[in-house]
Every structure is written in C-alpha cells, then in structure tokens.
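These protein sequence lines map, in sequence, to chains A and B. Position 167 of the first sequence, counting from 1, maps to 870 under my numbering, and the rest follow consecutively. Position 66 of the second sequence, counting from 1, maps to 769 under my numbering, and the rest follow consecutively.
Since the hints were derived computationally from the structure, they do not count as laboratory data. Wrong hints could be hidden among the right ones.
Because identical chains cannot be distinguished in the list, a pair is counted as satisfied if it fits within a single copy or across any two copies.
[As the list claims (entries may be wrong)] As a list, the in silico SDA-like pairs of lysine to any residue whose alpha-carbon atoms are at most 20 Å apart:
1) K798 - D728
2) K886 - V772
3) K726 - E711
4) K798 - E876
5) K798 - E729
6) K798 - K886
7) K910 - D883
8) K798 - M704
9) K726 - C766
10) K910 - T949
11) K910 - W950
12) K910 - Y765
13) K726 - L937
14) K726 - R929
15) K886 - E742
16) K886 - N796
17) K726 - E769
18) K886 - R835
19) K910 - P768
20) K726 - P857
21) K798 - V772
22) K910 - Y890
Protein chains: 2
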Amino acid sequence: MRSEVLYESPTHSWIVMGRDPDKRDEVIDTNEFAIVTPEGTLLPDPGGIEIFPRVLSELTRYCSPEDVVALFASHQDPDIVSSLPMWLDLCPNVKTYVSWMWTGFIAHFAMGRAASIIEIPDEGMPINIGSRVRLNAVPAHYCHASGNFSLFDPASRILFSGDVGAALLPNSETSLFVEDFDKHVRYMRGFHQRWMPSTAALRSWSKRVRALNCSMICPQHGAIFRGEDVTRFLDWLDALEVGRLTWDEAAPSKAA
Amino acid sequence: MRSEVLYESPTHSWIVMGRDPDKRDEVIDTNEFAIVTPEGTLLPDPGGIEIFPRVLSELTRYCSPEDVVALFASHQDPDIVSSLPMWLDLCPNVKTYVSWMWTGFIAHFAMGRAASIIEIPDEGMPINIGSRVRLNAVPAHYCHASGNFSLFDPASRILFSGDVGAALLPNSETSLFVEDFDKHVRYMRGFHQRWMPSTAALRSWSKRVRALNCSMICPQHGAIFRGEDVTRFLDWLDALEVGRLTWDEAAPSKAA
Chain A
704 MRSEVLYESP
714 THSWIVMGRD
724 PDKRDEVIDT
734 NEFAIVTPEG
744 TLLPDPGGIE
754 IFPRVLSELT
764 RYCSPEDVVA
774 LFASHQDPDI
784 VSSLPMWLDL
794 CPNVKTYVSW
804 MWTGFIAHFA
814 MGRAASIIEI
824 PDEGMPINIG
834 SRVRLNAVPA
844 HYCHASGNFS
854 LFDPASRILF
864 SGDVGAALLP
874 NSETSLFVED
884 FDKHVRYMRG
894 FHQRWMPSTA
904 ALRSWSKRVR
914 ALNCSMICPQ
924 HGAIFRGEDV
934 TRFLDWLDAL
944 EVGRLTWDEA
954 APSKAA
Chain B
704 MRSEVLYESP
714 THSWIVMGRD
724 PDKRDEVIDT
734 NEFAIVTPEG
744 TLLPDPGGIE
754 IFPRVLSELT
764 RYCSPEDVVA
774 LFASHQDPDI
784 VSSLPMWLDL
794 CPNVKTYVSW
804 MWTGFIAHFA
814 MGRAASIIEI
824 PDEGMPINIG
834 SRVRLNAVPA
844 HYCHASGNFS
854 LFDPASRILF
864 SGDVGAALLP
874 NSETSLFVED
884 FDKHVRYMRG
894 FHQRWMPSTA
904 ALRSWSKRVR
914 ALNCSMICPQ
924 HGAIFRGEDV
934 TRFLDWLDAL
944 EVGRLTWDEA
954 APSKAA
C-alpha cells in the first residue's frame, strides 16, 4: 500500500493511503485517508474488512493505531465501513460519525458496541478532533446513498468526497492524483451515471462544494483532484446526467 | 425469534423469521426469509452479523444449515448481507446472487472467498434452486440502492421486496403481517420518503410488480402485505413523492 502526506501544519496533517498492489482484483479499490493531530486521529471511510490489516500497517507510519479517536462514514456501504468492528476492538473509545439514517444499519457491523455511534443530522454538523481541528460534515444526500456526507477541513480546504468523484481505475493507473483530467473522465463517467440516482441531488452537492473553494477533492475510489482539476471536475459534473440504467427500460431520471 | 410458514407445496416452502424479542434496540429490525426445497435452501437477504446466530438457530427448525445452497442480496447494505462471511464459512459452496454493481463491494465482506458471487445484470435473471424451483430477480434499481432487485416466485406468487414496503415498527407491533393497513402507513411513510431517492424509479417498480399479480409482498423490514393489502400498498406507493430531505433545502426530487 502506498501513502503520501497531502497537507501538513502545526495542528494537523492529511494522509492518503491506497493503490495496494497486493489487493485482490475482485475487491473494489479504495483510497483511505487519515487526519492526524497531536490530540488524536480521525479516519474518513476507514474501509472494508478485507483491507483492514494493510490500512492499519500503513497508518503506523504516521501515528499509533491507538491514537484513532474517531471514524467518519460517508455512508453505510461495506467498502466504506465494514472494518468497524475491528477498529472498535482496537480503539474501544473511538467515536463513529454517520448519517442518522444509517446508525441502525451499521450497528449490524458493530457486534454489540454501537453506543459510540454518533448520528449526523441531515443538515450536517461540525466534527472536532481535539481542541484545535474542526471539520464539517457537508450534506451529499442521494450521492449515491440516501443519507450521505462529505467531510470538509476549512484550514487545509481539503474535501473528502466519498463516492462523488470516484473512478474505477485500471491497475496501470498508479498515481494517487489525477494527472490528465481528460483521460481520467473515462474512468469516472460510467460510475457516476449508474451509481448516482439523482441529477438534481448531484447539482445541489456541486453548488455547495463550489462555495467551499476546495484545494483538493479526495474521493474514496480513484484519484485526487487538486489545483485547476477541482473546478474542471465540478464543471464536468454539472454537465452530467445520472440515474442511467444499462438496459432498455427508460431510466428513472428521464422518465420523471 | 419467531417464524412462520408462508407457503408450502411439494416443490418448496417459504419461511419468514423475525420479531426477535432479544434483539438490541440500536440494531434495525429485519425480517429473514428462507425458500426451502428438497434440493437446497435459498436465503433472500440473509441479514447482518448481529442476528446471524439467531437466524441460523431458527432456520434449523426447517432445514439443516448445510442445506443452504444460495444467498440472494437485494443490495449491499450491512443489514442485508454482512453475515456473508459466516454463511461462506458454514456452507463453502453457497452461491451469492447480487447486482453486478455490488460484487466488488460485498467482496469487502467476503474475506477472500468472493469466487462464488454471481452478478445479476440490470435487467434481472432467473435464479434456480435445484431442478424444480425457478425464481426471478426483478429490477428495483434506485429503490433505494442504485443496483437493487426484488425476488419473485411465480409458483407461490410471493415477492420478496427488500426495502420497498419496509416499515420501522415499534416493539409493540408483533405480527409478521400487516393487520391494519391504514395504521401501518404511519410506520412506512417516513422511511419511503427519505430512503427512496427517486419517485420515477418507485413508479417503475410498482408498474412492474402490479403485472406480477403477487399473493404477498414481503419486505425486509416491517410486515408482510397479503390479500387486498398488496393492491392497497401499490396504490399507496403510487401516490407517494420520495427523495425528501428533513431540512430546509429543496429536496432533490422537487428541484429537478
């Protein structure tokens, strides 16, 4: 598994981990992130059971596993947060932030330790790591999950975007960053068209995210958008129609 | 955990299991089903890790756990199929049917045994249990998951509907069936309005399901619709607008 420091300041740093060459092909590739502070580490979308050992191992380069004080789940999918029982075993006091809609669902992962799951209301909420780092859960509902959040750091202006901006990359694409936007589009178009249910919801997200003036947009699959690619990505998204089925029945978004 | 036989014939029977009085309150309640044949058993949405022991125990009243030859996952959620690794341990030859969109995602549950996961294409497919029982995976995309299927049995005309028709019942509602439709609506309205992203997708599902002339509609949460309540439910659904957020931003379905 590779990792890089995305941002570093006296208060906190952002780490990305991904492109594990040992990952089995049938498991969808995921990017893992860590926000490391002297008062504890938050993991956005800590990942699936399958990759837990390698995420844990890579994380130890930046902090002690026992420093993990919080998990953030953009939504309820297995690749997002099925490692939850393992993190709860390792860090019994960890808090898990997730949409109010999914607390009862991810409790199915939690094996009797659901007390530390914190509901995020639909309008979002601030999420603190210690006393000096305050992140914001930004609404991303219906993109794709019904209850869904991005996570924004106002200090670094980095946005963790979950499945928005995700791309299904071939193994030959090894960079953690988008290097050639026009080429990258081919890896993300199909995902957005089919996984995202609502064009209107996507427009709503894009409008909210433009106002944040992000330095980077970090999806959970694919590659990170930085610099001018942030605006290129939002422009591309605003021209896309989603909710498209792959068979010959009229797609819901068209039939509305 | 309670269970009842919903249908019985020389070729197969349908069992429902649910309303576990020992379930912890923070775990969302689920109904589990089993289609038992002399040539093997299929479990639609076998459930979460949390309830696996009790489902297994109840199932032994109707068949041997080793008789389980197939799992069907309507979609990828933890309450639907996070018990997958346990079933794969118990029944190494079991086949798991799920939308092509989620095979790489539920592989995150599978712990290295993903070879037996079978992709359902968007248009659906027949699913056989042995030589005499043929079910059909019926498209239910964007209801709520982007890749989503109901499961229909043409012999009994029973439809397993996953999250469509789901209700969040108080513990005082102990019947496995809808007994008073007008009263039941209060338990399912909010779920459908918020969890379902697309009114058009729901209309498309309802039209497809009306044509099946179902004897029962069996959701994964809540209670079973039978007799005239089947049509009552479809009529109610056809008058409902979904994709509704709980805060004051315009809901995506309205803003489209």
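We went through each hint and held it up to the structure:
no., hint, result
1, K798 - D728, "between (31 Å within a copy, 19 Å between copies)"
2, K886 - V772, "neither (38 Å within a copy, 43 Å between copies)"
3, K726 - E711, "neither (28 Å within a copy, 45 Å between copies)"
4, K798 - E876, "neither (34 Å within a copy, 32 Å between copies)"
5, K798 - E729, "between (30 Å within a copy, 16 Å between copies)"
6, K798 - K886, "neither (39 Å within a copy, 37 Å between copies)"
7, K910 - D883, "neither (24 Å within a copy, 44 Å between copies)"
8, K798 - M704, "neither (26 Å within a copy, 31 Å between copies)"
9, K726 - C766, "neither (23 Å within a copy, 37 Å between copies)"
10, K910 - T949, "between (28 Å within a copy, 19 Å between copies)"
11, K910 - W950, "between (31 Å within a copy, 17 Å between copies)"
12, K910 - Y765, "neither (34 Å within a copy, 54 Å between copies)"
13, K726 - L937, "neither (30 Å within a copy, 44 Å between copies)"
14, K726 - R929, "neither (26 Å within a copy, 46 Å between copies)"
15, K886 - E742, "neither (40 Å within a copy, 50 Å between copies)"
16, K886 - N796, "neither (43 Å within a copy, 41 Å between copies)"
17, K726 - E769, "neither (25 Å within a copy, 31 Å between copies)"
18, K886 - R835, "neither (39 Å within a copy, 50 Å between copies)"
19, K910 - P768, "neither (36 Å within a copy, 51 Å between copies)"
20, K726 - P857, "neither (33 Å within a copy, 41 Å between copies)"
21, K798 - V772, "within (6 Å within a copy, 38 Å between copies)"
22, K910 - Y890, "neither (23 Å within a copy, 34 Å between copies)"
Of the numbered hints stated above, those contradicted by the structure are hints 2, 3, 4, 6, 7, 8, 9, 12, 13, 14, 15, 16, 17, 18, 19, 20 and 22, listed in ascending order.
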